[in-house]
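Participant: If you want the building blocks of each chain, they are given just below.
There are 2 protein chains.
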Amino acid sequence: MQFLMKKTEFPMSGYNYYVPGSPINGYGVAKVLDSGHPNFSAGDLIWGATGWEEYSLIQNPEKLFKIHHTDVPLSYYTGILGMPGITAYAGIFEVGSVKKGECVFISAASGAVGQLAGQYAKLLGCYVVGSAGSQEKVDLLKNKLGFDAAFNYKEVPDLDAALKRYFPEGIDFYFEQVGGKLFDAVLLNMKVHGRIAICGMISQYNIPEPEALKNLMHIAFKRLNIKGFTHRDHHHLYPKMLETVVPYIREKKVMYVEDIVEGLENGPQALVGLFSGRNFGKQIVALAHH
Amino acid sequence: MQFLMKKTEFPMSGYNYYVPGSPINGYGVAKVLDSGHPNFSAGDLIWGATGWEEYSLIQNPEKLFKIHHTDVPLSYYTGILGMPGITAYAGIFEVGSVKKGECVFISAASGAVGQLAGQYAKLLGCYVVGSAGSQEKVDLLKNKLGFDAAFNYKEVPDLDAALKRYFPEGIDFYFEQVGGKLFDAVLLNMKVHGRIAICGMISQYNIPEPEALKNLMHIAFKRLNIKGFTHRDHHHLYPKMLETVVPYIREKKVMYVEDIVEGLENGPQALVGLFSGRNFGKQIVALAHH
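Here the protein sequences line up with chains A and B, keeping their order. All letters in the first sequence, in the order written, are residues 1 to 290 by full-length UniProt numbering. All letters in the second sequence, in the order written, are residues 1 to 290 by full-length UniProt numbering.
Treat each hint with caution, since some may be false.
One copy or any two copies: either way a pair holds, since identical chains are not told apart in the list.
Think about it this way: if two alpha-carbon atoms lie no more than 25 Å apart in a straight line, the pair counts; the simulated PhoX-like pairs of lysine-lysine are [said to hold, decoys possible]: (1) K164 with K222; (2) K63 with K222; (3) K181 with K214; (4) K100 with K154; (5) K222 with K181; (6) K191 with K252; (7) K154 with K214; (8) K122 with K31; (9) K63 with K191; (10) K122 with K142; (11) K100 with K142; (12) K122 with K99; (13) K142 with K99; (14) K31 with K99; (15) K222 with K31; (16) K63 with K144; (17) K222 with K100; (18) K154 with K31; (19) K63 with K240; (20) K253 with K164; (21) K240 with K181; (22) K31 with K142; (23) K31 with K181.
Keep in mind that the hints were calculated from the coordinates and are not lab data.
Next up, chain A with everything else stripped away, as it sits in the complex (with noise of 0.2 Å):
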């Protein structure tokens, strides 16, 4: 069997609603068995939207990465190096040109996305507070990933009241991943002309009824900037991020965390554990090793 490794991460949520017995596509690194595209040979190593199987047929072969350096973990493709890496880091250095000094809020800062733009953020010289869902996810941004603070933004009585502790001066930007109550509070404690980048919206996605939310005025009243985006559009990207990255890896300037759980058949609940926040960290199925 020449298929040595593949690793797979949950589909694009919101995106697509999956229907059962159709193709489920998601994130994965791969090593190429057999190509027919010039860019492709046997034995490269690549990353992209593959399926949730263990061997695919890649029709438009186009959108895949090669990777290049392997001299970190292969994961890190679904993670730091991949999908949510171009996210983090275009979140942070393109769509809210972040700058030294300011006041920035990352929620679900201890996933896939979260713990890296918060360690963008402070490489930058920001002060970055991050919220997560469990006190295990707290004790990692404050003690392992260098956050100045973190709360548990479920346990938190009142969230208005815990910003207005954590941002006294309010927060220049708010790296959006979580929506609802969350979202809400946060919009009465942005600066004026503060800035929100919104990538998701997990707590919104897997409920009956979205939460009414009270102040979406204060968008006009603050004068907000609020960008949608998603990783497609920031793929140009890609060549300085590495530049910038696999550095910042070798000399573990930024770390990663990673919640692998083996067989494609722990997958289904791994995929819905993301919704409840049950993971710790970016969310893997391994399906091999290399």
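Given chain A, work out where chain B should sit, using these hints.
Facilitator: Relative to chain A, chain B alone:
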């Protein structure tokens, strides 16, 4: 009595919560009776933040605008040549960067700001649809103000279906002033990379519980750019706006619909009427006539 004329509009709802008995501010047109400030002399006409009162003592006159063009109705300086005028002008030309050929949707389209925003977008060569809250207002938009189409958002059984009919390829730019269900339906009908400028959400100001929005996630999915703004950050555009818009008025390229009630005693009712949409065009309270 040297005081000749004063017109006052409603206060900035949402910004200030009015406490009965306290002074209440609004935007008005007035004649200077006496001045200790070198920039203003008795007899000057001004517009700016004054009070809901017949005579005002203004302690920070630096923020007042002097009126130079008096061949247009002076009431226009509470509207097309005043604060709502700057809002509409900035929203279309600066915040929205609206371009020829784009598909533009304006809510509260017959109001103080919306009627101008729509006409400016038409002058730029856009396809422009407006929504308003009565048949009379819809007729005004279609028959007098040159909108390509208009509909009564209170009577449409399915806002999403209506927007899909008017914008089969989606909306490039939405000028948001209403909020609630209308905003939610618009989010479903924006083009990818569409822009939204928000200067108000009047449907949400005076209700006990804001409406639950289901579609905020589309900010990320569609990579929307949403900017809150007020006229306050765009006063530098005023000279350029006058240069553009005063000739438009003289050449009847734009028209401006005003709803004038007489006497301060009718002010409260006129103010309250805004929240149910009773006004027809820009609401003005006339205290005296020139």
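Participant: Using 25 Å as the alpha carbon limit, work out where K222 and K31 are close: within a copy, between copies, both or neither.
Facilitator: Classified as neither: same-chain Cα gap 49 Å, cross-chain 32 Å, threshold 25 Å.
Participant: With 25 Å as the alpha-carbon cut-off, assign the pair K222 and K100 to within, between, both or neither.
Facilitator: For K222 and K100, only the intra-copy Cα distance (22 Å) is at most 25 Å; the inter-copy one is 29 Å.
Participant: Up to 25 Å between alpha-carbons, please classify K122 paired with K31: within, between, both or neither.
Facilitator: Classified as neither; 35 Å inside a copy, 55 Å across copies.
Participant: Taking 25 Å as the upper bound on the Cα-Cα distance, should K191 and K252 be classified as within, between, both, or neither?
Facilitator: neither (33 Å within a copy, 41 Å between copies)
Participant: At most 25 Å between CA atoms: does that hold for K31 and K181 within a copy, between copies, both, or neither?
Facilitator: Close neither inside one copy (42 Å) nor across copies (48 Å); limit 25 Å.
Participant: Between copies, within a copy, both or neither: which fits K154 and K214 at Cα up to 25 Å?
Facilitator: both (19 Å within a copy, 21 Å between copies)
Participant: Check K222 against K181 for me: Cα-Cα at most 25 Å, and say if that holds within a copy, between copies, both or neither.
Facilitator: Both: 18 Å inside a chain and 22 Å across chains, each within 25 Å.
Participant: Are the CA atoms of K142 and K99 at most 25 Å apart within a copy, between copies, both, or neither?
Facilitator: Answer is within; shortest intra-copy Cα gap is 21 Å, inter-copy 47 Å.
Participant: Within a copy, between copies, both or neither: which one fits K63 and K240 at a CA-CA cutoff of 25 Å?
Facilitator: within (18 Å within a copy, 47 Å between copies)
Participant: Up to 25 Å between alpha-carbons, please classify K31 paired with K99: within, between, both or neither.
Facilitator: For K31 and K99, the Cα distance exceeds 25 Å both inside one copy (39 Å) and across copies (47 Å).
Participant: Using 25 Å as the alpha-carbon threshold, which applies to K31 and K142: within, between, both, or neither?
Facilitator: neither (37 Å within a copy, 61 Å between copies)
Participant: Checking K122 and K99: alpha-carbon separation at most 25 Å within a copy, between copies, both or neither?
Facilitator: within (10 Å within a copy, 39 Å between copies)
Violation of the numbered hints given earlier is confined to hints 4, 6, 8, 14, 15, 16, 18, 20, 21, 22 and 23; the remaining hints are satisfied by the structure.
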